[in-house]
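Given the coordinates of chain A, work out where chain B should sit on it, guided by the hints.
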Amino acid sequence: MSINEDKIREWVEYFREAREIRRRYANWDFIKSQPPKIRIALEYYIETGDFRTAAKITGMGVDEFLDMAKDLAGIPTTD
Amino acid sequence: MVNAITDTSFLIDWIRYSKSKLIFKIFSIIYIPENVLNEIRSERTLIWISEGLEEGSLAIFPELPDISREALELVARSRRVPIRPVDYPEAFCLVVGRRLNFIVLTENGGAIALKSYDPEYSGVEVLRGIDVIYRLWRLNYLNSFKDELELYQRETKHIYSRKDLVRYSDYLK
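Just so you know, the sequences run in chain order A and B.
Just add 244 to wherever you are in the first sequence, counting from 1, and you've got the numbering used here.
Just add 30 to wherever you are in the second sequence, counting from 1, and you've got the numbering used here.
Quick caveat, the hints were computed from the structure, so don't treat them as lab data.
Possibly wrong hints are sitting among the right ones.
[What the hints assert, rightly or not] Only pairs whose alpha carbons sit at most 20 angstroms apart, straight line, appear in this in silico PhoX-like list of lysine-lysine:
no.	chain 1	residue 1	chain 2	residue 2
1	A	Lys314	A	Lys300
2	B	Lys203	B	Lys193
3	B	Lys187	B	Lys176
4	B	Lys203	A	Lys251
5	A	Lys314	B	Lys187
6	A	Lys281	A	Lys251
This is chain A alone, in the form it adopts within the complex (with noise of 0.2 angstroms):
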C-alpha cells in the first residue's frame, strides 16, 4: 500500500486539535473525584480519543462510557 505522506501530516495535526479541544472541556473537578480506574479511563480518553479501550478500562459499555464523558465530565466527542 502507498501512503499518503502529506495526508498523514494533515491528520496529525487533526489529531492535535481534537485532543486540545477534549483537554479544554473536561470538567477536570470531576475527573479528579473519580476512582482510580473511572481517572484513568477519562485521562486515557482526553489524550487519545480512543474510546472503546476507555470503556473496556472502565468495565462499562462504550455507550455508557461516552454518555459519562459528555455528561458528567463534560468531554465532548470531536474525532
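Just chain B now, with coordinates in the frame of chain A:
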C-alpha cells in the same frame, strides 16, 4: 435512495439529536453490524435501534467471515501508520462500504483518516453527522444549516474541529 452502514461512534452521537429520525429520509436502510450492536448497552440507544428495526429502516448486518477477515487485515495495516488506527467495527463498516457500495456513517477519526490516506479505500463514501445535516438541509428537510449544526453540536455534545468546519465555511456565515 442508497443504503448505509453505521458504526458505534456515529450512532451514539446521532441518537442524541432531537431530529435523529430525519436520517431515514436519505437512506433506504441503515445497517448495523452485529459487532456494533454487541457494543451497545444503554437504554436510549437500544430503544432507538429497536424502533428502527421494527419500522424496517434499520437492519442487522451479519458477521460474514470474509468481510471479518478483510477488516482484521485493515486494522493491522492501519496500526503501521503513525496516527490513530482504525478499530475493528469501523474497519468492518469500511470493508462493507467498499464491497457493497454502501455509505459508511462514522464519527471515528481513525476511519475517516484511513479513507484519505489509503488509496484502496479512497472510493468509499464516508459521512459524519455534519455531512448528514448538510444533506438534509440541501434536501429542504432543515431550514438552516448553520442553526441546525449548532443545535446538533449542543444536543449531541460533539464539537467539530476547524478542519471539519472549513469544508462548509461558505454555508456557515
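Is the Cα-Cα distance between B/Lys187 and B/Lys176 20 angstroms or less? 16 angstroms, holds
For the pair we were handed, B/Lys203 and A/Lys251, check the Cα-Cα distance against 20 angstroms. 27 angstroms, violated
Are the Cα atoms of A/Lys314 and B/Lys187 separated by 20 angstroms or less? Within the cut-off at roughly 6 angstroms; holds.
Within 20 angstroms, alpha carbon to alpha carbon, are A/Lys281 and A/Lys251? At roughly 35 angstroms apart (the allowed maximum being 20 angstroms), A/Lys251 and A/Lys281 break the hint.
Check the hint pairing B/Lys203 with B/Lys193 against an upper bound of 20 angstroms on the C-alpha distance. Measuring from Cα to Cα gives roughly 16 angstroms; hence the hint holds.
For the pair we were handed, A/Lys314 and A/Lys300, check the Cα-Cα distance against 20 angstroms. 17 angstroms, holds
Going through the hint list in order, the structure does not satisfy hints 4, 6.
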